[in-house]
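Could you put the whole structure together from the sequences, leaning on the hints where they help?
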Amino acid sequence: MKERLLQLEKAALSEISSLKNKEAVLEFKNKYLGRKGELAALTKEFGKLPPEERPIVGEFINSIRGRIEERINNLLTAFAQSEREQRLKGEKIDATLPGRYLALGKRHPITQVMDEVVKIFSGMGFAVAEGPEIETDYYNFEALNIPKDHPARDMQDTFYIGEDVLLRTHTSPVQIRVMQNKKPPLRVIAPGKVYRRDSDVTHTPMFHQVEGFMVDETITFGDLKGVLTAFLHSLFREDTAIRFRPSFFPFTEPSAEVDIQCVICNGKGCRVCKGSGWLEVLGAGMIHPMVFKAVGYDSERFSGFAFGLGIERIAMLKFGIDDIRLFFENDVRFLRQF
Amino acid sequence: MKISYNWLKQYIKALPPPAKLAEKLTMAGLEVEGIEALDKGIKGVVVAQILSVEKHPNADRLLFCKVKTDKGIHSIVCGARNMKAGDKVALALPGAMLPKGIKIEKTKIRGVESEGMMCSESELGLPPLQGGGGIMILSQDLPIGKDFTETMGLNDYILNINVTPNRPDCLSILGIAREISAITKKMLKAQKTLGKAIEKGKDIKKLVSISIDEPSLCRRYTARVVENIKVGPSPEWLKQRVESHGFRSINNVVDVTNYVMLEYGHPLHAFDCNLVSEKQVIVRRAHEGEKIQTLDGIARVLTNDMLVISDAEKPIALAGIMGGKESEITERTKNILLESAYFDPSCIRRTSKALGIVTESSYRFERGADIEGVTRALDKAAQMIVELSGGDMARGMIDKYPRPYRPAAIRVRLSRINKILSTTINRKEIEDCLERLGINFKQVKAQKREDAVWGATPPSIRVDLVKEIDIIEDIARLYGYGKIPTALPLARLSAVKKSGVDLIREKTRDILTNNGFLEAINYSFVSPKLFKITAPDIDSGLKLINPLTEEQSIMRHSLVSGLLETLRYNLNHNNNNIKVFEIGGIFATRGKETEEREMIGGLISGLRHGEAWNVSRDVVDFYDMKGAVEQVLAGLGIVAYTFIAKSDIPFLYPGKAGIFETNGKPMGIAGEIHPDTLQSLDIKQPAYIFELDLHVMMTAMNSQKKYNPIPRYPMIVRDAAMIVNREIQFQELYEVIKGVGSKLLEKVDIFDVYYGEHIPEDKLSIALRFLYRSPERTLTDDEVNNAHSAILENLKNRFGIEIRGEEA
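Sequences listed follow chains A and B, in order. If you read the first sequence in the working numbering, its first letter stands for residue 124, the second for the next number, and so on. If you read the second sequence in the working numbering, its first letter stands for residue 124, the second for the next number, and so on.
Derived by calculation from the structure, the hints in this document are not laboratory data. It is possible that part of the hints are untrue.
With a straight-line cut-off of 20 Å between C-alpha atoms, the simulated EDC-like cross-links for lysine to aspartate or glutamate are [what the hints assert, rightly or not]:
#1 LYS476(B) x GLU208(A)
#2 LYS271(A) x ASP587(B)
#3 LYS715(B) x ASP287(A)
#4 LYS886(B) x GLU850(B)
#5 LYS125(B) x GLU156(B)
#6 LYS620(B) x GLU253(A)
#7 LYS476(B) x GLU286(A)
Okay, the calculated bits of chain A under chain B, using three or more residues with CB under 8 Å as the criterion [what the hints assert, rightly or not]:
#8 361-369
#9 451-457
Each residue gets a CB set at the ideal place from its N, CA and C atoms; glycine is no exception.
See the structure below:
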């Protein structure tokens, strides 16, 4: 019996090494270990054995079954593994193809720069105020110390809608509107669209401005320099050189134009800065006593500074855009870039 | 303002080099926008004389010349034929530089050596002579060997200075020199004054009479007469001077008036004295409708608020703006009347604006001339005219000056200066500044002992110095803005809160950009054609009185017009898949009132997901657009609104459009653009738009977010497909479903809408999914069945709906 069992095991183990696939293994398993298999057939003769041999032979049968089963299982695992590998290989994709996505939209570059400017001033405690784009001559000019027949009106060519109704040429009227309604201390910025009758590579008839002002009892020209320097260092680089030079605006005195070191050539002189190494980015000054008079503030008690900057110009410098008209053509190939 | 560097040198000793000077002026408020080297880079070109002109031995079209300079005799091959032996020419010797970086070398031309080049005007960067061609022939009196740029006055720089409107005193050489003197503390060189000896003619009072009818508009009028002059071309140096400052050279009289205006800043005018009727000059208002032909040849019709210079019969000049053609200086002129006057700035400006004439003269008068400088300019011009064109200057001048200039002293406080500027400038420094500015000052009593107060009287030329703050600005300018300490202000803290409008803009931008929309910004003005698309009544539009172009002549009435323009622009550039939005103002008139509203608009057209290898190529439809709007509204917490289908919005597709309403107020529109509208704009693909009123949205907004508990009990789903009359809108079904008021119904979803085959033509199939749930317990089938059949019963009764399938 033991002999035959050993023979069986030997035959089985030699057969198993020639099995090529899962089906063959299952067939083999059935042949030897199945209910009607060869091992089962031998086991039927178990009853003929003397009782004292039964446990020994039984254990022997089980150990043979165990060894064969282990080989079968190993083989099945190996076949399964290679089969999976085969399948995975077949499912290969070209992973270098671009991914799928829902295109995100973009804020207009002007909005982005405007938001950045507003954020910097908000951080310094400036509140946002707004005013109408259609203004009266009074708010746009008279109250800002630009009387009728004054040559300073040539500085801003105006679109008119009626005799005294116009498209605001700057956001400075908001300064007047706020001061008429509130008492100092004031820290306000006024972003918005403005209009001037001008059109070329650096001018469009509509553009965006941020006007800002601060009024209190002790505001000085030094404060103006401090706040605008902090602003420009935040908007551009921390180490950007800045200079203040005298200029003229009817609604501020002393007035200043503020230049930053050219961001294109780092002050060496290039086409953008016309070789000067400097770029004009802001107009500013101490609020003129005549403006305070127009809103009923006592200019002996209160002082303040005001400033204005063109957003398009800043955006052009930041993004390296050389034609201002691109902002309003709304070519999606342009808008997508920001 | 163009300013010659060499001319300035006549006023200031040891003038800094041009670039340095430009920086100093810029930092003192006179921004130098450019420096032009008049020689345009010319070097090594000298005056030479042609000794002989012969034919080139090897070329018919070339000539061979011997040319003499101080260095010897040079052989030159030349292609021009306009010269002869004896002519003086500009010779570029080997190594010389011409404009645009051209370098001249010794060359062989057709086998003959040429030691340089004789230059034409254009090769020297000069305007070519009329009918020119050929080389430039120089005046015989130029010395041989002398540097060409020097003899022509081209060894000069022109500073282009941006003079701000408050500084008319700087519109001249003298004015800029005065400024340089103040900035650099260098003294002005003294200038010669008119010697009496030159007045050799008759007594001027016997020659002309002058009266001012409008002393408020003409506060001073002075005149001189020069007789027996010879009008002719100006000498080279004068021509060159006026031309390099942007004037056309006319003759030796007109050029002098311009020269003196450039030098002193005061405009002058010369009349042909013989053409002044009855030798009478009257400064008066024009009669209404009176006519004058001005020097530019244009006949002008005048009004009563304009000032003219008139003779006994008619106007002979538009005061301070332009002379009359009739009394113009010509070659026949023998006697001249020279005018130097002071005119009211506002009057000059109004007239100049009304007639559309801006001249160098009006530009200066409207900014403010120096009333005290009137006679200095007159004297200088008269003297130069006598020197350049002969003639006898009449004895004396006429000076009508009814109310002479009386300067008022301005109170200037040391404490105020330092308070505004946050400086610690001391008395001596202030007085030094005032002195440099030519301001007379006297210390007066101060209210506080530690303060100092001056009575300061600016020179008459400084028309901008009227108030204390004006003086403070000038002190700051001279002191240097750079030296003023930079500090951050101390201020009370304050909370900065975003306004509701700002919140809406921000959220909308977030939502729409997340949804793939690009933000556009269009001009606020549109063409009448675009305007009419959204507002058939053109009279409701705000029209610009002075538009730049017809295309930008009327304020937009809707964002849709601009968005359509954006679409058209992009389609023309082959960008066919468009998703854009804009936030901005729209405008209208209501009688005399103007109205401004802020809107949010959007437009989609083309492929839903754009061009890519791995996305569906579906085209957007109405529901893409409507979904975007619904997302915006949901994001803003606007829930109380309805969408009402409308077929009467003129520019929208009748069956594919409608309005959003909240609390009975229209909040916006949405729909497909009408095919006729698309056709009129030559747009060849469907487009869908929406436009929402930001202020109405604000009334319905609820930005307060509130937590809803996550349901703890399971939901039970019932689907129902029903055949519905196509006229019935989903909104109506929905109202009925809601109307049943089952508390168990949590939500209704639509999972299919179908019409076509197997469904009668006037019907459609709509499949709804009803979700039932209780927040307190698990529902039983019976409860749900009851609620569900109640809803279906209502739908059947109300619309005669056929339920096709009911499944659990």
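So, going through the hints one by one against the coordinates:
1. LYS476(B) x GLU208(A): violated (88 Å)
2. LYS271(A) x ASP587(B): holds (17 Å)
3. LYS715(B) x ASP287(A): holds (12 Å)
4. LYS886(B) x GLU850(B): Holds - the C-alpha atoms of GLU850(B) and LYS886(B) are around 8 Å apart, at most 20 Å.
5. LYS125(B) x GLU156(B): The given pair, whose Cα atoms are some 10 Å apart, holds under the 20 Å limit.
6. LYS620(B) x GLU253(A): Measuring from Cα to Cα gives roughly 14 Å; hence the hint holds.
7. LYS476(B) x GLU286(A): holds (15 Å)
8. 361-369: Contact hint for the region 361-369 of chain A vs chain B: holds, 4 residues under 8 Å.
9. 451-457: holds (count 6)
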